[in-house]
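*Asks:* All chains should be built: construct the whole structure from the sequences, respecting the hints.
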Amino acid sequence: MTRYLIEAPHNKEECLRNLDQTLAKGPEILDKFYFGCNYGEHTAWAIVDAESRSEAEKLLSDVVIRRRARIVEVGKSTPQEIRSMHEG
Numbered sequence: 001m002t003r004y005l006i007e008a009p010h011n012k013e014e015c016l017r018n019l020d021q022t023l024a025k026g027p028e029i030l031d032k033f034y035f036g037c038n039y040g041e042h043t044a045w046a047i048v049d050a051e052s053r054s055e056a057e058k059l060l061s062d063v064v065i066r067r068r069a070r071i072v073e074v075g076k077s078t079p080q081e082i083r084s085m086h087e088g
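First residue of the sequence shown: 1, per the numbering used here; consecutive thereafter.
If you are wondering where the hints come from, they were derived from the structure by calculation, not from laboratory data. Note that the coordinates shown come from a computational prediction; the quantities given were computed from them, not determined experimentally. Any given hint could turn out to be false.
[Said to hold, decoys possible] Within a straight-line C-alpha distance of at most 16 Å, the following computed EDC-like cross-link-like pairs (lysine to aspartate or glutamate) qualify:
| hint | residue 1 | residue 2 |
| --- | --- | --- |
| 1 | Lys-58 | Glu-28 |
| 2 | Lys-32 | Glu-55 |
| 3 | Lys-12 | Asp-62 |
| 4 | Lys-25 | Glu-73 |
| 5 | Lys-32 | Glu-57 |
[Unchecked claim] Label-pair ranges, simulated between beta-carbon atoms:
| hint | residue 1 | residue 2 | range |
| --- | --- | --- | --- |
| 6 | Arg-67 | Lys-32 | 18 to 24 Å |
| 7 | Glu-81 | Glu-41 | 29 to 35 Å |
| 8 | Lys-12 | Thr-78 | 38 to 44 Å |
| 9 | Val-63 | Ser-84 | 22 to 28 Å |
| 10 | Thr-78 | Cys-15 | 20 to 26 Å |
| 11 | Asp-31 | Arg-67 | 22 to 28 Å |
Using N, Cα and C, we set each Cβ at its ideal position, and we do this for glycine too.
*Replies:* Below is the structure:
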């Protein structure tokens, strides 16, 4: 399994439609996401474990939102690993 950060921006008009579509996939999907909508930032974020980027993308309910989403492979690094990435 690989860990991915999902950032899914949407606008105010898409918000409720996206909510309903995500709920239709099951409440456990919605439970993975954190939302900024109540604070004026219509974006959803999640960190998920998936077999591939395309599997992580399937958590997003709407094709339009999938196209705008950023899905980034992430992981933990030690300070030494980060330093060595910037050397040479």
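*Asks:* Has the given pair, Lys-25 with Glu-73, been kept, meaning a C-alpha gap of at most 16 Å?
*Replies:* 23 Å, violated
*Asks:* Taken at face value, is the distance from the CA of Glu-55 to the CA of Lys-32 at most 16 Å?
*Replies:* At roughly 14 Å apart (the allowed maximum being 16 Å), Glu-55 and Lys-32 satisfy the hint.
*Asks:* Please test the hint of 22 to 28 Å on the beta carbon pair from Asp-31 and Arg-67.
*Replies:* 24 Å, holds
*Asks:* Take a look at whether the Cβ-Cβ distance between Arg-67 and Lys-32 falls inside 18 to 24 Å.
*Replies:* For Arg-67 and Lys-32 the Cβ distance comes to about 20 Å; the hint holds.
*Asks:* Check the following: the C-beta atoms of Val-63 and Ser-84 are separated by a distance inside 22 to 28 Å.
*Replies:* 40 Å, violated
*Asks:* Evaluate the given range 20 to 26 Å for the C-beta pair formed by Thr-78 and Cys-15.
*Replies:* 39 Å, violated
*Asks:* Does 38 to 44 Å hold as the CB distance between Lys-12 and Thr-78, or does it fail?
*Replies:* 41 Å, holds
*Asks:* Would you mind confirming whether the straight-line C-alpha gap from Lys-12 to Asp-62 stays at or under 16 Å?
*Replies:* 14 Å, holds
*Asks:* Okay, Glu-81 versus Glu-41 on CB: inside 29 to 35 Å?
*Replies:* Holds - the Cβ-Cβ distance for Glu-81 and Glu-41, about 31 Å, lies within 29 to 35 Å.
*Asks:* Lys-58 and Glu-28 were given as a pair; does the straight-line alpha-carbon distance stay at or below 16 Å?
*Replies:* 14 Å, holds
*Asks:* Between Lys-32 and Glu-57, is the straight-line Cα distance small enough, at 16 Å or below?
*Replies:* With a Cα-Cα distance of about 13 Å, the restraint between Lys-32 and Glu-57 holds, given a limit of 16 Å.
Violated hints for the displayed structure, listed by number in ascending order: 4, 9, 10.
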